[in-house]
Amino acid sequence: MTAVMDNTAPTSAEIPAPDGSVTVTVKILRFNPEVDSEPHWESYDVPALPTDRVLNLLINIKGYVDGTLSFRRSCAHGICGSDAMQINGINRLACKVLVKDLLAKKGKPTTISVAPIKGLPVMKDLYVDMEPFFEAFRAVKPFLITYGNEPTNERIQSPADRERFDDTTKCILCACCTTSCPVFWSDGSYFGPAAIVNAHRFIFDSRDEGAEERLDILNDAEGVWRCRTTFNCTDACPRGIQVTKAIQEVKRALLFKRV
Amino acid sequence: MPTTASPPGAMAGTSRRSGTLYIGDPGMWSWVAHRITGVLTFFFLFVHVLDTALVRVSPSAYNAVIETYKTPLVALLEVGLVGAVLYHALNGIRVMLVDFWSKGPKYQRPMLWSLIGVWVVVMVPGTFFLLQHTVTELFGGN
Chain Y
1 MTAVMDNTAP TSAEIPAPDG SVTVTVKILR FNPEVDSEPH WESYDVPALP TDRVLNLLIN
61 IKGYVDGTLS FRRSCAHGIC GSDAMQINGI NRLACKVLVK DLLAKKGKPT TISVAPIKGL
121 PVMKDLYVDM EPFFEAFRAV KPFLITYGNE PTNERIQSPA DRERFDDTTK CILCACCTTS
181 CPVFWSDGSY FGPAAIVNAH RFIFDSRDEG AEERLDILND AEGVWRCRTT FNCTDACPRG
241 IQVTKAIQEV KRALLFKRV
Chain S
1 MPTTASPPGA MAGTSRRSGT LYIGDPGMWS WVAHRITGVL TFFFLFVHVL DTALVRVSPS
61 AYNAVIETYK TPLVALLEVG LVGAVLYHAL NGIRVMLVDF WSKGPKYQRP MLWSLIGVWV
121 VVMVPGTFFL LQHTVTELFG GN
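Chains Y and S, in that order, are what the protein sequence lines are.
Quick note on numbering: the UniProt record's numbering labels position 52 of the first sequence as 52, and the sequence is numbered without any gaps.
Quick note on numbering: the UniProt record's numbering labels position 119 of the second sequence as 119, and the sequence is numbered without any gaps.
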């Protein structure tokens with residue numbers, strides 16, 4: 001990777017443009033805490049194949065145009081949940097969004113806007129401080145709680161009981177849901193959808209005995225009752241979890257004392 | 001190639017401002033509209049309680065205030081009030097179904113589209129008859 005001198009204008013000419021690629025404008029909300037007081041938009045015209053993912057474009061910009069561009073990504077296959085960002089105004093994983101789904105119709109110029117997820121402190125460019133998010137996750141005790149003697153063999157569960165919380169086991173903690181929530185934007189002390197999803201995963205697990213404790217935690221003023229059922233979280237989840245449905249199930253478990 | 005970053009915990013140079021418009025689910029916009037129509041209806045009720053209370057002050061004062069309402073502008077506000085209350089009521093039913101019906105979250109979007117449909121079906125003739133009354137009364141049709 002070659003370092004880009006500060007006095008040279010960024011150029012995307014070095015990015016390899018394979019056959020069939022089109023030029024798209026990637027508009028990134030950038031923020032360098034050492035220089036900027038506020039985030040600002042910067043545009044990059046880059047070649048893109050329709051089969052490219054937005055993550056490929058970001059890696060190309062970082063590799064060829066501006067090495068200071070900061071973002072998280074690890075597995076790049078929609079499993080690790082590192083590269084959640086706001087793409088064209090919606091929270092998505094950059095590794096799961098294909099360029100062909102963002103191309104403007106009939107050869108009009110395409111602009112793809114990329115911004116950090118909202119509601120968490122931006123530390124640099126697309127890189128946010130996830131600590132408040134994980135703090136809420138830890139607060140709901142996302143682990144198996146049991147009392148009494150351990151069974152001598154496995155903890156048996158029927159397929160029907162397993163099905164009860166199957167949807168919420170899919171969470172990869174990418175924060176797409178929590179940072180799509182208007183309540184979380186305005187008040188970061190709300191637990192947020194992801195923490196409630198992970199509480200749901202254990203509350204409705206027949207092997208777990210900590211449902212009461214978790215429901216008490218979520219009955220808090222900053223718990224499930226802050227949810228206004230805007231469905232942004234369900235729409236944003238890259239794993240297709242019915243997040244709002246899970247939150248509503250927790251609310252009803254609290255209302256009717258039935259798990 | 002790890003991404004460069006400020007050391008964790010260095011909160012001094014962070015930004016919470018993003019200024020981006022989130023293109024949320026239709027459910028988010030229905031919630032925004034629910035809030036706005038709720039506040040508008042509250043202000044109507046506030047004024048309504050005040051002007052109706054005037055009848056206890058003196059019937060002539062009440063009549064004088066009600067007389068000032070007989071303008072085309074107030075007729076339009078009336079149409080707006082019907083629209084706001086109707087939306088708030090219909091979406092309120094949707095929100096309750098989302099809360100208490102186990103299939104509510106699954107059908108929230110169809111429910112939103114149908115409430116908008118009912119709203120349009122009621123508001124089109126409703127606006128016509130309300131404004132027809134205004135035109136005939138204020139501008140002396142018959």
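Simulated from the structure, these hints should not be mistaken for laboratory data.
If you're wondering where the values come from, they're calculated on a predicted model, not measured in any experiment.
Backbone N, C-alpha and C define an ideal beta-carbon position, used for all residues, glycine too.
It is possible that some hints are incorrect.
[Said to hold, decoys possible] Some, not all, of what chain Y presents toward chain S, calculated at C-beta under 7 Å:
#1 A115
#2 R226
#3 T229
#4 F231
Cross-check of the supplied hints:
1. Using the Cβ-Cβ criterion of 7 Å, the hint placing Y/A115 at the interface with chain S is satisfied: the shortest such distance is roughly 5 Å.
2. Annotation: Y/R226 was flagged as interfacial toward chain S, and the flag is violated, the nearest CB pair being 13 Å apart, outside 7 Å.
3. At its closest, the beta carbon of Y/T229 sits 5 Å from a beta carbon of chain S; the interface hint therefore holds under the 7 Å criterion.
4. For Y/F231, the interface hint holds, the least distance from its beta-carbon to any beta-carbon of chain S being 3 Å, beneath 7 Å.
Of the numbered hints listed earlier, the single one contradicted by the structure is hint 2.
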